[in-house]
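> With the hints as constraints, model all of the structure from the sequences given.
Chain by chain, the residues run as shown.
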Amino acid sequence: MADTKFPTTLKETAWCPGCGNFGILGAVSEALEGLGLEPSQVLFVSGVGQAAKAPHYMAGNVLNTLHGRTLPTATGAKLANADLTVFAEGGDGDGYAEGGNHFLHALRKNVDITYLVHDNQVFGLTKGQASPRSDPGQVTGTTPQGVSMEAFNPLATAITLNAGFVARSFSGNKEHLIKTIQAGIQHKGFSLIDILQPCITFNKINTFKWYRSRTYDLNEDESYDPTDREAAWKRSWEWDDKIPIGVFYKVERPTLAEAHPALEQGALVKQDIAKESIKKLIEGFAVK
Amino acid sequence: MKTFSIRIGGEAGQGLVSVGNILLQAITEEGWYLFSHRDYESRIRGGHNFTQFRLSTEPVHTWEQKIDVLVALDKVTVDQHRQDLKENGVVIYSPEIQGKTIDEPNFVAVPFIQVAEDLEQPKVMANAVAAGAIWALLDDDLGVLHTIFAAMFSSKGDDIVEGNKKVSQAGYDLVREALDEREKPTKPEQVAERFLIAGNPALASGALAAGVKFMSAYPMTPSTGVTEFIAGHAKECAVVMEQAEDEISAMNMVVGAAYAGVRAMTATSGGGFALMTEAMGFAAAAEISVVVIDAQRPGPSTGLPTRTEQGDLLYGFGMSSGDFPRAILAPGDPVEAFYLMGHAFNLADKYQMPVVVMSDQHLADSYETVEPFDLDKVVIDRGELVSGEEAGADYKRFALTESGISPRLLPGNGPGLTVAAGDEHDEAGHLVESAEERLAMMEKRMAKMKLVEEEALAPVVFGDDDPELVLIAWGSTKGALRETVGILQEQGKKVKGVHINQVFPFSKELEPILNGPGTKYVVESNYSGQLQKLLGMEFAWKPDGSVRRYDGRPLGPDYILERLEGGMQRG
Ligand SMILES: Cc1ncc(C[n+]2csc(CCOP(=O)(O)OP(=O)(O)O)c2C)c(N)n1
Ligand code: SF4
Ligand SMILES: [Mg+2]
Chain A
1 MADTKFPTTL KETAWCPGCG NFGILGAVSE ALEGLGLEPS QVLFVSGVGQ AAKAPHYMAG
61 NVLNTLHGRT LPTATGAKLA NADLTVFAEG GDGDGYAEGG NHFLHALRKN VDITYLVHDN
121 QVFGLTKGQA SPRSDPGQVT GTTPQGVSME AFNPLATAIT LNAGFVARSF SGNKEHLIKT
181 IQAGIQHKGF SLIDILQPCI TFNKINTFKW YRSRTYDLNE DESYDPTDRE AAWKRSWEWD
241 DKIPIGVFYK VERPTLAEAH PALEQGALVK QDIAKESIKK LIEGFAVK
Chain B
289 MKTFSIRIGG EAGQGLVSVG NILLQAITEE GWYLFSHRDY ESRIRGGHNF TQFRLSTEPV
349 HTWEQKIDVL VALDKVTVDQ HRQDLKENGV VIYSPEIQGK TIDEPNFVAV PFIQVAEDLE
409 QPKVMANAVA AGAIWALLDD DLGVLHTIFA AMFSSKGDDI VEGNKKVSQA GYDLVREALD
469 EREKPTKPEQ VAERFLIAGN PALASGALAA GVKFMSAYPM TPSTGVTEFI AGHAKECAVV
529 MEQAEDEISA MNMVVGAAYA GVRAMTATSG GGFALMTEAM GFAAAAEISV VVIDAQRPGP
589 STGLPTRTEQ GDLLYGFGMS SGDFPRAILA PGDPVEAFYL MGHAFNLADK YQMPVVVMSD
649 QHLADSYETV EPFDLDKVVI DRGELVSGEE AGADYKRFAL TESGISPRLL PGNGPGLTVA
709 AGDEHDEAGH LVESAEERLA MMEKRMAKMK LVEEEALAPV VFGDDDPELV LIAWGSTKGA
769 LRETVGILQE QGKKVKGVHI NQVFPFSKEL EPILNGPGTK YVVESNYSGQ LQKLLGMEFA
829 WKPDGSVRRY DGRPLGPDYI LERLEGGMQR G
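Listed in order, the protein sequences are those of chains A and B.
Heads up: the first sequence begins at 1 in this note's numbering, then just goes up one per residue.
Heads up: the second sequence begins at 289 in this note's numbering, then just goes up one per residue.
No wet-lab data here; the hints were simulated from the structure.
Here are the simulated BS3-like pairs of lysine-lysine, each with C-alpha atoms no more than 27 Å apart in a straight line:
1. B:684 <-> A:11
2. B:665 <-> A:279
3. A:280 <-> B:523
4. B:523 <-> A:279
5. B:684 <-> A:5
6. A:270 <-> A:188
7. B:523 <-> A:275
8. A:250 <-> A:234
9. B:454 <-> B:472
10. B:782 <-> B:830
11. B:638 <-> A:275
12. A:188 <-> B:523
13. A:11 <-> B:732
14. B:523 <-> A:270
15. A:174 <-> A:188
16. B:638 <-> A:279
17. B:472 <-> B:453
18. B:796 <-> B:821
19. B:453 <-> B:411
20. B:665 <-> A:270
21. A:275 <-> B:665
22. B:374 <-> B:363
23. B:638 <-> A:270
As the structure is a prediction and not an experimental result, all values here were calculated from the model.
What follows is the structure in C-alpha cells.
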C-alpha cells in the first residue's frame, strides 16, 4: 500500500472507527491502482453524507457537490470531458431518496460512469433516520413506530430500466469489492454498484455479522447468466437469509455520448469553437 | 415617427402563425423596419391569440396599443380589439366567421375560406387570402408575396404555388374594391443590411458565439426557444444540448460540465429557476462558472405561462442561500441579448461565479429589425486558467489571492488535482470547520465582488442631459422607454431615459443620475416595484413615482404615457 498512487491516508477521516466506509475507501484505491490509472485522470463526484466524504480522503479530482445531485453533476462532467474516468459516489439516502429521480434517469441515459452507493440502510450523517433502504419495521428517530413502507430495491429498478451493469458488493469482502469496481469501470456505460456498508453507530440491525452471514457471490455459480434479464430481476429480490452479491445483470447499450454528434470529435473540452458554422448561422438572420 | 400597426387575432392552430410568417417575411423583404410581438394563450388549439406587426421606415423598438388594421380570424377579435383602432383604421373580417356582415365604415368583408373554395383551392389557403387582403393596405402589387409563396411551397409543386398566388390576389382585390384611395404607409427607399430576430434566438446565438459548449435544460415557456435553438444547431456548432429530467438535474449537469472546463449554460423560467437555485449556490461555493437564462413570465407559481412580467428580479437577486458573488444582466433588445450573453460568460469565467441573464416573454418572442451582429465584437475571456505544468503537483484550487480569484486548473491536466466542494473548504478544496479557515475562504470569495462591481455595465441613457423628468427602466422595457422619451421630447419636455442592463451589481454611474436633476420615475413590469426596491437598497434612494404593469401584457409607450399623465402611484 505504501507506494500506491491512490493513498487513502492523506487526511484524517470524519468516520467512526470500524465503519464500513473504510473498506470501500481501501477497495476503491486498490481497484484504481490495479488498473494503472493516474489520480489526475480520475474524477469523483460525490454528494453529501458520511459516504460522500470518501473522495476527500484519497488522491483524485473531486467535485463534492450537493446532497442527491451526484448523478447529473457527474453526467455533465463526463459529457464535457470524456477522457476522465468518472465516478459518482454517495450514500443510499443521497442516491435513492434525494436523488431518486436522477437515479431513474441516469439508468436510462447510460452515461459512461461508475456509481458507487455506500448502502448502510440509514441516514448516517444526520444521525440514523430511516433511508429508502431501511427494512420495514426499523425504528429510527423519524420512524418511532417503525418504517411503514417497502424498502427501495435499486437493483430491481436498474434491471427494469435495462441499465448496463448492475452489481452489489459488500464492504466486508474486499476482494469481491475490488473486482466489482474494476468490472464497473471497464464496462462501457452506466455501472451501478450498490455496496452493503455497515453503519456501526446507527444501524444495529444490518451489522457486519448480519451481512457476512447472509451474503454469497452469485457469480460463483457458473450456470448464472448475467445477460438473462428476467432471471437477474428475480434474483434481485432475494433478501432474507441469503443475500446475493456480484454482477446481477450486464448488457451493452449505446452510451449517452453516442447520442451527441459533437462528441464524435473527442472530448468536448478539447474542441475549438465552430467559428465558421456559427458565422453562417448568424448570417441566416440577415434580411435580404 | 410614423408607424403602421397591424393586429391579427385568431384561435391557436387556426393559421394565425402562417399568416404571421408570411407577413413577417414580406414586410422585411420590402425593407420596412419591424417590431412584432405575440400575445397568446397557454394552449395548442383554440383560445384567443394575436400577433401584431408594427412597421416604419425608421427603426421601431416597441409596440403601440393603437392599430391601423385589425384582421379577425376568429369571432371575438372584432369586439375585443376594435377600441384600439386608430381613427380611420380598417377591420378585415370574414362574414362566415362573424356569422353576419358588419355594415360600418372601414369594415371590409373577406370570406377567407369561401374565397379559396370559390377558386377551387383547399381551405388552408384561407391564410393566403388573408395575407393578400392585408397586403392591399401596404403595397400596390403582390410581387413580394408571390416570391414568398414560391419559396415556401415550391417543394409541394407548382399547383400549390399558383393556387396561393391566385387566392391572395382575390383577397387583395376585395380590399382594393372596398377601399380604393387609401393612403398607404411610406415605403422605405434605401435599405441597409439588417437582421430580423427575436430575443430567444439572439440569446442562443450570442451564447454560441461566446463559445458555449454545453447546455442542459428542461422545457419551460418562454425559455424553450433558446433550448431548441441550441439543440437544433448542436451538431454543426459542436455543442452538447442534453434535455434533463428536471431543472435540478439541468443545473447540476451544467455545474459538472463547467467544472470540467467548458462554457455551460441553462435556460428556464420562474418555477424552473426556483429548482435551480440550490445548485447555483453550489456553483458559487465551489467557484464554478455557470450562466443561467431566466425568461420571466408572470408568477407566482406557473402564473400566466405565455405572458410577460419582470417579477423575478428580487428572487434572482437572492438566487440561493448564503452570501456569494453574483451578477445579473438584463438585455433590453435582441442586440443586447446577443452581446450580453458573451459578457455573461466572461463574467462567469473571470469571477468563477453564477451569472443570470434575465429575459422575459416580451423580449424572448418579439421580433425586431436590428443592425447586423458583428462576431468580431464578441471577445472571449476565460479568466485565469493555469496549465498542468504551471499548477504543479501541489496545486490548490482555492489558493488565497489578493484579488480573490484562484487560478483554475481544469481536471485531467494534472499532476495537480482539482478538488472542489460546496461545504466550506481549505485552499486545496478539502472540508474544514475552523472559524479561521471559514473567514479566509468567505473573504476570498467576496473579494471578487469588488471587481465585479468595478466592471458593472453603465446604464444606457437617452434624452436630455438636464432633465425635468427621468424615467428609469430595466430589461425588455428598453424599447418602450426609448419611445416614450422621444414622444415627450417632441412635446417639448426635457426628459431622460435610463435603461439598466446590469441589475446587479449596479454601475456606480447610476448614483449621480439618481441624485441628479429631474423628477424620477421607475418603470417596470411587476406589482411591487422590484427594481425600485433594489435601487433603494443599494443607493438608499427613493424615486418620486413609479409606473408598473402586472397584467401580463408588455409595457408600451401608450401605457407609460397614460400613467404619467394620470398622476402616478407614489414610489
Ligand atoms: C438538500 C439537503 N437536504 C438535507 C440535507 C441533510 N443531509 C445531509 S446527509 C443526509 C442523509 C445522509 O444519508 P446517506 O446519503 O445515506 O449518507 P450516509 O451519511 O448514510 O453515508 C441528509 C438528510 C442536505 N445536506 N441537503
Ligand atoms: S455514522 Fe455510521 S456511516 Fe457514518 S461514519 Fe459512523 S458508522 Fe460510518
Ligand atoms: Mg446511508
